[in-house]
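Those protein sequences? They're chains A and B, same order as listed. Reminder that position 54 of the first sequence reads as 54 in the working numbering, one-by-one numbering, no gaps. Reminder that position 133 of the second sequence reads as 133 in the working numbering, one-by-one numbering, no gaps.
There's no promise every hint is true.
[As the list claims (entries may be wrong)] Far from chain A, some chain B residues (derived; all Cβ distances over 12 Å):
| # | residue |
| --- | --- |
| 1 | Q6 |
| 2 | Q7 |
| 3 | V12 |
| 4 | A60 |
| 5 | L101 |
| 6 | L104 |
| 7 | P128 |
| 8 | P131 |
| 9 | V165 |
| 10 | D227 |
| 11 | L233 |
| 12 | F271 |
[To be verified] Simulated restraints on C-beta separations:
| # | chain 1 | residue 1 | chain 2 | residue 2 | range |
| --- | --- | --- | --- | --- | --- |
| 13 | B | N198 | A | P166 | 39 to 45 Å |
| 14 | B | A102 | A | A35 | 33 to 39 Å |
| 15 | A | L76 | B | I105 | 47 to 53 Å |
| 16 | B | I105 | A | T130 | 33 to 39 Å |
| 17 | B | Y275 | A | I14 | 29 to 35 Å |
| 18 | B | Y117 | A | P121 | 56 to 62 Å |
| 19 | B | I105 | A | G12 | 18 to 24 Å |
| 20 | B | I71 | A | E72 | 36 to 42 Å |
| 21 | A | P225 | B | P292 | 52 to 58 Å |
| 22 | A | L76 | B | A102 | 30 to 36 Å |
| 23 | A | E72 | B | S98 | 21 to 27 Å |
No wet-lab data here; the hints were simulated from the structure. As the structure is a prediction and not an experimental result, all values here were calculated from the model. A virtual CB, placed ideally from N, CA and C, is assigned to each residue, including glycine.
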Amino acid sequence: MLRVDGLHTFYGHIEALRGVDLTVEEGEIVTLIGANGAGKSTLLMTLCGSPRAARGTISFDGRDITAMPTHEIVRLGIAQAPEGRRIFPFMTVLENLQMGAITTDPRHFDTDLERVFELYPRLRERRHQTGGTLSGGEQQMLAIGRALMSRPRLLLLDEPSLGLAPNLVKQIFTVVREINEGQGVTVFLVEQNAYHALRLAHRGYVMANGRIILSGTGQELLANPEIRAAYLEGGH
Amino acid sequence: MGYFLQQLVNGVTLGMIYGLIAIGYTMVYGIIGMINFAHGEIFMIGAFVSLIGFMLLGLAGVTWVPAMLLIVLVATMALTAVYGWALERVAYRPLRNSPRLAALITAIGMSIFLQNYVQLLQGARVKPLQPVVSGGFAFLADGDFTVNLSYLQLIIIVVTFALMVGFTYLITRTAFGRAQRACQQDLGMAALVGVNVNHTIAFTFVIGASLASVAGLMFLLNYGVIDFYIGFLAGIKAFTAAVLGGIGSLPGAMLGGLLIGLIEAFWSAYFTVEYKDVAAFSILVLVLIFRPTGLLGKPDVEKV
Chain A
1 MLRVDGLHTF
11 YGHIEALRGV
21 DLTVEEGEIV
31 TLIGANGAGK
41 STLLMTLCGS
51 PRAARGTISF
61 DGRDITAMPT
71 HEIVRLGIAQ
81 APEGRRIFPF
91 MTVLENLQMG
101 AITTDPRHFD
111 TDLERVFELY
121 PRLRERRHQT
131 GGTLSGGEQQ
141 MLAIGRALMS
151 RPRLLLLDEP
161 SLGLAPNLVK
171 QIFTVVREIN
181 EGQGVTVFLV
191 EQNAYHALRL
201 AHRGYVMANG
211 RIILSGTGQE
221 LLANPEIRAA
231 YLEGGH
Chain B
1 MGYFLQQLVN
11 GVTLGMIYGL
21 IAIGYTMVYG
31 IIGMINFAHG
41 EIFMIGAFVS
51 LIGFMLLGLA
61 GVTWVPAMLL
71 IVLVATMALT
81 AVYGWALERV
91 AYRPLRNSPR
101 LAALITAIGM
111 SIFLQNYVQL
121 LQGARVKPLQ
131 PVVSGGFAFL
141 ADGDFTVNLS
151 YLQLIIIVVT
161 FALMVGFTYL
171 ITRTAFGRAQ
181 RACQQDLGMA
191 ALVGVNVNHT
201 IAFTFVIGAS
211 LASVAGLMFL
221 LNYGVIDFYI
231 GFLAGIKAFT
241 AAVLGGIGSL
251 PGAMLGGLLI
261 GLIEAFWSAY
271 FTVEYKDVAA
281 FSILVLVLIF
291 RPTGLLGKPD
301 VEKV
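Chain B with its partners taken away, still in its complex shape:
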């Protein structure tokens, strides 16, 4: 029981990280119908910006942990958002009306470009970070097994939850969110009522990138090491999460992320760690075969 609870905690933490990345995939797909395969790299850049942030704060002598976390969080979201914006502006907007394949190939190209860009600037070696947040609660001692909820896991869960609540509010209750949903449902009609479609799409990338950057920050804190290649696997996992939840659906992305995190955690715990990625991707295959619209996805509406 203790063991099970521990895996639950681990799985939820991991799932939160995937969920944050998956939102970016699903929003971009929803609005321009393309899979932004460079999104994993945005997550990776978020992790690097966070790492640099912690280093700079260390040099500046800031040691109070809550202040460090807050400053790095805000700075990372802002800086990574610029990358997201630039990605859309430079690589995708010129191809808006091209065949889908062109945009897809460009996305893969941007993914490779961003990996190499970070590798060149930061080097190929694994970058470590001293633990910033340590300690935690131990509870439910079950025989000789204690369930641990580290402060870090708690922070990850709380921050992600808060971001998702804020984000859901933005999309469902504000004028921007309405414009965003209108663009998702009918881009041409949104322009006909006066929505500046280019701004809305750019802002979608900005939001997706800043959420992914938070995931990058959390990944860095959780694992303590990053390199230029982490975006690939995390990106594909989050993409799987978005497909599992139903691509285009925001609650779906969050749910999908959580499920992928849980599947990975439990698979590693009860079966073999080596095959945890296989487990996650088998889910992708099964979903694509048996329920291509995902758990919460809506089938395409026929536009007359």
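With the rest of the complex left out, here is chain A:
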């Protein structure tokens, strides 16, 4: 479904991605783990065309999207809940969700909204509150909900567990599984919380210094001693 070949991206003079290859197949949950600054978020943003890849190709359903404008990539069915959540702070929860739905047929809006509210009843309670006043966990729910409103086929999640209390982290991961299994959405998940992410994912990639250094099924990577030492040390 998603195929990345030899991807290089620069931030100014810094080469953040140094030749990344990976694939995500339809129906999978694939996770990308790695330390801070490895280039994970850059990769997700490059998939959406912002920043642009300097070299290499990104294709979605066999179609080259490397040079496509960001707003058109979204229309193909790729949605992102980005790093830092990036909720529109002065818009209400409902307006944020409406923004998520701008690429879809308005006739779907009510059913899609209902589905998001079922996943996150908390958002229903807060629907008239502005985004900036929500707690971190609620903002994360809203970021995922907003992405789901576009009826994506591929959902890109950037560290959804960052800064959340352990019970909320668990809840976020449960919902990711539900989205994948219940709604058939393919998920590409970037995480620092390697243990949870690898347990959830069908497959995983490990990134360091802008390159993929390891890949395998979630189980394989969890069992890999190098991974244990580098990313799982100190338990979970």
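Using the hints, position chain B against chain A.
Structure of chain B alone, referenced to chain A:
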């Protein structure tokens, strides 16, 4: 008392004109973070397009005043909007990701360019217009002083009010308005949910220009004379209004415009006319020192 009321009427009329221009400054600042110093020239072009419109209608033999006003209003908004669109497309879009200073210098350059463009095409002399709307209500005779509300002032107040209501509806209730606000709050995220950011920015310029052009039309009707240089002072005043209200805030721009108009009117009435600009700009200085976010402005949200 009569005198005071009269100044109030004058100040509100003037303030409405400033408010219409200030909206353009504040919207553009809100969405791309630059001060469009050529916006005053857009206002001036609106005044010239209106003047030409009245002349053409005169030649065509249209003399019924409401029809004239309506035709000129619509035509001016449409034509001036094209200028606003072209300004963004030609001068600002190529510099979208450049340092802010580059965009600022370009804006000043476009301002000078547009002044000279109009001067070349229309000549440097002051252009007069016969009064189109005359007469008015006289009320509250206070001794030997009567308060006058001219039909023109009434038209200015009503039309501006209607435009502001319509505009507020557009921004707060429609899908376009939501996209516009989303772009203001986080341009990159707006693109990530599928907003065509270029279209939204272009449309912001179009709206700002058409509102400023209405201000140009009203200025022309109110003062009866225009020249290629009127955009400078009116532009700076409206910019002051936008800063006073809180740059980036739409209600702020309207409020700021009204306050600047009132300050000017009352200063001219009770102190010295010569210093009315000094009064308005002193406000700018004071606001920048003591309340840089303006009356209704929000401090920048930290984007994590």
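Taking the hints in turn, this is what the structure says about them:
1. Q6: Label holds. Min Cβ-Cβ 40 Å, cutoff 12 Å.
2. Q7: Answer for Q7(B): holds, closest chain A Cβ roughly 36 Å.
3. V12: 29 Å, holds
4. A60: Label holds. Min Cβ-Cβ 44 Å, cutoff 12 Å.
5. L101: The assertion about L101(B) holds, with a minimum of 18 Å to chain A.
6. L104: 22 Å, holds
7. P128: P128(B) clear of chain A: closest Cβ-Cβ about 46 Å, beyond 12 Å.
8. P131: With a cut-off of 12 Å, P131(B) remains clear of chain A, as the shortest Cβ separation is near 44 Å.
9. V165: The claim holds: V165(B) sits with its nearest Cβ about 20 Å from chain A, beyond 12 Å.
10. D227: 41 Å, holds
11. L233: L233(B) clear of chain A: closest Cβ-Cβ about 33 Å, beyond 12 Å.
12. F271: 39 Å, holds
13. N198(B) / P166(A): 39 to 45 Å: Holds - the Cβ-Cβ distance for N198(B) and P166(A), about 43 Å, lies within 39 to 45 Å.
14. A102(B) / A35(A): 33 to 39 Å: Between A102(B) and A35(A), where Cβ atoms are some 37 Å apart, the hint holds.
15. L76(A) / I105(B): 47 to 53 Å: 39 Å, violated
16. I105(B) / T130(A): 33 to 39 Å: Since the Cβ atoms of I105(B) and T130(A) sit about 36 Å apart, the hinted range of 33 to 39 Å holds.
17. Y275(B) / I14(A): 29 to 35 Å: 54 Å, violated
18. Y117(B) / P121(A): 56 to 62 Å: The hinted range 56 to 62 Å holds for Y117(B) and P121(A), with Cβ atoms some 59 Å apart.
19. I105(B) / G12(A): 18 to 24 Å: 23 Å, holds
20. I71(B) / E72(A): 36 to 42 Å: At roughly 40 Å between Cβ atoms, E72(A) and I71(B) fall inside 36 to 42 Å, so the hint holds.
21. P225(A) / P292(B): 52 to 58 Å: At 57 Å between Cβs, range holds.
22. L76(A) / A102(B): 30 to 36 Å: 34 Å, holds
23. E72(A) / S98(B): 21 to 27 Å: Taking Cβ atoms as reference, E72(A) and S98(B) lie about 24 Å apart, which means the hint holds.
In this structure, the earlier hints numbered 15, 17 are contradicted, and the remaining ones agree with it.
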